[in-house]
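K.L.:
Sequence:
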Amino acid sequence: MDICRAEGCCKTVKAKGLCAMHHQRMRRHGDINYSRPPKPLCMRSGCEEPSVARGYCRKHYYFLVRTGQMQVGVLS
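With our numbering applied, the sequence shown covers 311 to 386.
FYI, nobody ran anything at the bench for these hints, they're computed from the structure.
Some hints here could point you the wrong way.
[What the hints assert, rightly or not] With a straight-line Cα cutoff of 25 Å, these simulated DMTMM-like cross-link-like pairs (lysine to aspartate or glutamate) come out:
#	residue 1	residue 2
1	LYS326	ASP341
2	LYS369	GLU359
3	LYS324	ASP341
4	LYS369	GLU358
5	LYS324	ASP312
6	LYS349	GLU359
7	LYS321	ASP341
8	LYS326	ASP312
[Said to hold, decoys possible] Between beta-carbon pairs, the in silico distance windows are:
#	residue 1	residue 2	range
9	SER355	GLY327	43 to 51 Å
10	SER355	ALA330	38 to 46 Å
11	THR377	GLY327	51 to 59 Å
12	GLY378	VAL323	26 to 34 Å
13	ARG315	TYR372	41 to 49 Å
14	LYS326	SER355	47 to 55 Å
15	ASP312	SER345	20 to 28 Å
16	GLY340	ILE313	18 to 26 Å
17	ARG376	ASP341	40 to 48 Å
18	THR377	PRO350	16 to 24 Å
19	PRO350	ARG315	31 to 39 Å
20	LYS324	PRO348	27 to 35 Å
Here a beta-carbon is modelled for each residue, glycine too, at the ideal position from N, C-alpha and C.
Please work from the sequences and hints to get the whole structure.
P.N.:
The structure is reproduced here in structure tokens:
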């Protein structure tokens, strides 16, 4: 059995000398070392959660949808 040609990978080859993961990355992105960029943080000041919709995290977006406004100091 052949081993993937990607540096540090020891999985078996699927196609073109690459394992399934690296082969898929090459097909989709043209780079076997591609990784997703990190999600931006919530726009709410002081919140460190990743944004989900309209720049807000899950908690703050739900609050915005439910009340229609983003009040300062209501949520921590």
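K.L.:
Hint by hint, where does the structure go against what was stated? Just the numbers, ascending.
P.N.:
12
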